[in-house]
Amino acid sequence: MSGKTEIATASRLLEDYRLLARDLASARRLLPHSRTREYLEAAYAAAHAALYKSAPHPLYELQSICRERLPQAVRSLAPYITWVALLFVGALFSGYQLIRAYPELIALFASPSLIAAVERGELWTRDLLNIVPSSILSVQILTNNIVVSVFAFCAGFLFGLGTFYIVALNALMLGAIFAFTGQHGLDAELFSFVLAHGCVEISCLVLSGAAGAAVGNALIRPGSLRRGAAFREAASRGGLVLLACVVLLIGAGLIEGYVSPRTGVPLAARAALGVGYWLIMLALLRGWFFGRRTQAAL
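Under the numbering used here, the sequence shown has 279 at position 105, and the numbering climbs by one with no breaks.
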């Protein structure tokens, strides 16, 4: 919108505000108990709020998103979060049991170098920091995690089927790797490695998958809305949740690059960091960082 158009719009609003004030004064004097007076008061209040509202500020917008819009979006995804979480747990258990019963099938989920290292009794995570520094490792990890989450969300545009595939495949791989390392006595070491960052990483995958599933459901069952409108609404809510996941995955990537590969960090500290960061994620998604919205006095 050009500057001249904005000035003209503001001038018209100011003139309407003056006319409303004059008409409201007349209505209060001549028709104090009429619907006309009530309508004019409502219109006058709306015009007053439009004229005297404070200028937009990026911090206020961020506060509104974190305190109101993000928690609302997460609440709307609650049924999808439940079903995607159940899918993840079921696929995790299936992958674990599959490799327990047929160990040779690990080649479907792991690279030959990873398989060879585990068969030698070595976990591939031990020498990560000897290969690349923590800074580069963190960037690589968080980039990969963000790509997976974005893909899990965007795959929901295929009527949710792509989302289910991405979530189930990642859970199958994780279960298979734990079963394979368990057969060689390395599952406890792998659990120690995953503990600090895995809580938030897995939660973000489930959240992204739930957002993608909601988009797919909107395409299949738009309800009372037109299909395009239902898609836009679901994509808008899911995109907000995905953005929060991206922020959280940056922190998880830093933890995985700087903390998880270090053998000197005790298990209790890893557990405290993993659970603590998960609670920070919960506080962000529930809108607790900026406090609850106060109701304006009537």
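Derived from the structure by calculation, the hints contain no laboratory data. One should not assume that every hint holds.
What the hints assert, rightly or not - So the derived label-pair ranges between C-beta atoms look like this:
1) R406 / T437: 22 to 30 angstroms
2) S200 / A220: 39 to 47 angstroms
3) V439 / I310: 39 to 47 angstroms
4) A199 / I454: 47 to 55 angstroms
5) S268 / F325: 20 to 28 angstroms
6) L188 / Y213: 16 to 24 angstroms
7) V324 / A445: 41 to 49 angstroms
8) F333 / A219: 42 to 50 angstroms
9) A199 / F333: 25 to 33 angstroms
10) P396 / E363: 32 to 40 angstroms
Glycine included, C-beta positions come from ideal geometry on N, C-alpha and C.
Evaluated hints:
A beta carbon spacing of about 49 angstroms between R406 and T437 contradicts the range 22 to 30 angstroms that was offered as a hint. At about 19 angstroms, the beta-carbon gap between S200 and A220 misses the expected band of 39 to 47 angstroms. Distance hint for V439 and I310: a CB-CB separation of about 20 angstroms, inconsistent with the stated range 39 to 47 angstroms. Checked against the hint of 47 to 55 angstroms, the C-beta distance between A199 and I454 comes to roughly 54 angstroms, which is consistent with it.
One distance hint, 20 to 28 angstroms for the beta-carbon pair S268 and F325, holds here, with the actual separation near 21 angstroms. For the hinted restraint 16 to 24 angstroms between L188 and Y213, the CB-CB distance of approximately 20 angstroms keeps it satisfied. Look at V324 against A445: about 29 angstroms separates their beta carbons, and that is not inside 41 to 49 angstroms. Taking the beta carbon of each, F333 and A219 are about 45 angstroms apart, inside 42 to 50 angstroms as hinted.
For A199 and F333, the Cβ-Cβ distance of about 58 angstroms falls outside the hinted range of 25 to 33 angstroms, so the restraint is violated. Evaluation of the 32 to 40 angstroms hint for P396 and E363 yields a failure: the beta carbon distance comes to about 49 angstroms.
When held up to the earlier numbered hints, the structure conflicts with 1, 2, 3, 7, 9 and 10 and fits the remainder.
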